[in-house]
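> Sequence:
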Amino acid sequence: MVMNKKGFTLVEVIVVLVILAILAAILVPSMVGWIDKANQKKHIAECRVCVVAAQTLASEGYGAAGAAGAVDPAEVLALAQVEGAVDSVEIAADVTVRHLVYTAQDGVKVVYCGLGGCAECGNSDAYTVDGSVPGGGGHTPQQTAGRTFSDLTAKFKQLQMDNKLNNSDSFDGVNAKTEGMSAKVMYDSLSAEQQAYLDGISWSIVKSGAGWRLYFTETNYGSGNASDIKVYKYDPDSGKYQYATKGTEIVAGKVKASGTSWSEWSDTMD
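The C-terminal position of the sequence shown is numbered 748 in my numbering, with every residue numbered one higher than the one before it.
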């Protein structure tokens, strides 16, 4: 019997190699994608555990102090028992986790937004992998101002509705937290970032014949003087805002806005 010892030709080998290369080009990216998706789910799961831990600590703190306060990222990490790091935590005035930034052990960053994604944190979903909060975990001054005023007025309205404001809390000063118990409660309900912002602006609680009002500026003027600045007025009864620019001024850190021309009442600050 004569055996056929003919092997593969060079052309056949090249064809096989080309087919394998094509299959690899198709399958490898898919496999990498599957691995990346699995890692993303793992990172989001770890971040979610941290959010639950932060919410637990915030709720416990509210139960003890009666007001929303800051939560220590280190305590969140210890309670969550994950291997990454909690970079920052922001608690809203309603004692919910507003934002949380988590960095996994492999360096991947996950940002949680309690609003389900918002322009403030620059993300479009509740959990964003490799997302970023402007300012490296913080916010731009304008974003901080907006959130601060929103949370401050919400707390002010809550105190007014609970009948916890009194005449001794009516002050006109740059650091109202040092001059009235209600102002201190409002201040303590904010995050550390918001408190730092509030320390530098002029704000005050005032009671007049029209009722309680909260005044504040949107810019840090320190202890200097400024004229024709934008000053906001908030009415807790209606939940509406007014603003004025002409004729308003800050003198030695205090808002002076009497006799000025105010805008119409609005549901928003602008």
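The reader is advised that the hints may include incorrect statements.
EDC-like cross-link-like pairs, simulated, lysine to aspartate or glutamate; straight-line CA separation at most 20 Å [as the list claims (entries may be wrong)]:
no.: 1; residue 1: Lys-718; residue 2: Asp-640
no.: 2; residue 1: Lys-587; residue 2: Asp-603
no.: 3; residue 1: Lys-642; residue 2: Asp-608
no.: 4; residue 1: Lys-642; residue 2: Glu-561
no.: 5; residue 1: Lys-635; residue 2: Asp-666
no.: 6; residue 1: Lys-642; residue 2: Asp-713
no.: 7; residue 1: Lys-635; residue 2: Asp-715
no.: 8; residue 1: Lys-587; residue 2: Glu-553
no.: 9; residue 1: Lys-708; residue 2: Asp-666
no.: 10; residue 1: Lys-519; residue 2: Glu-561
no.: 11; residue 1: Lys-708; residue 2: Asp-745
no.: 12; residue 1: Lys-662; residue 2: Asp-677
no.: 13; residue 1: Lys-587; residue 2: Asp-572
no.: 14; residue 1: Lys-520; residue 2: Asp-603
no.: 15; residue 1: Lys-662; residue 2: Asp-565
no.: 16; residue 1: Lys-642; residue 2: Asp-603
no.: 17; residue 1: Lys-520; residue 2: Asp-572
no.: 18; residue 1: Lys-515; residue 2: Asp-572
no.: 19; residue 1: Lys-635; residue 2: Asp-713
no.: 20; residue 1: Lys-635; residue 2: Glu-553
no.: 21; residue 1: Lys-662; residue 2: Glu-742
no.: 22; residue 1: Lys-520; residue 2: Asp-584
no.: 23; residue 1: Lys-519; residue 2: Asp-572
no.: 24; residue 1: Lys-635; residue 2: Asp-603
no.: 25; residue 1: Lys-587; residue 2: Glu-524
no.: 26; residue 1: Lys-515; residue 2: Glu-490
no.: 27; residue 1: Lys-685; residue 2: Asp-715
no.: 28; residue 1: Lys-587; residue 2: Asp-640
no.: 29; residue 1: Lys-587; residue 2: Asp-550
no.: 30; residue 1: Lys-587; residue 2: Glu-561
no.: 31; residue 1: Lys-519; residue 2: Asp-584
no.: 32; residue 1: Lys-718; residue 2: Asp-666
no.: 33; residue 1: Lys-718; residue 2: Asp-745
no.: 34; residue 1: Lys-520; residue 2: Asp-608
no.: 35; residue 1: Lys-642; residue 2: Asp-572
no.: 36; residue 1: Lys-519; residue 2: Asp-550
no.: 37; residue 1: Lys-515; residue 2: Asp-640
These aren't lab readings, by the way, just hints derived from the structure by calculation.
> Which numbered hints does this structure break?
Checked against the structure, the hints that fail are numbers 3, 4, 9, 13, 15, 16, 17, 18, 20, 21, 23, 24, 26, 28, 32, 36 and 37, while the rest are satisfied.
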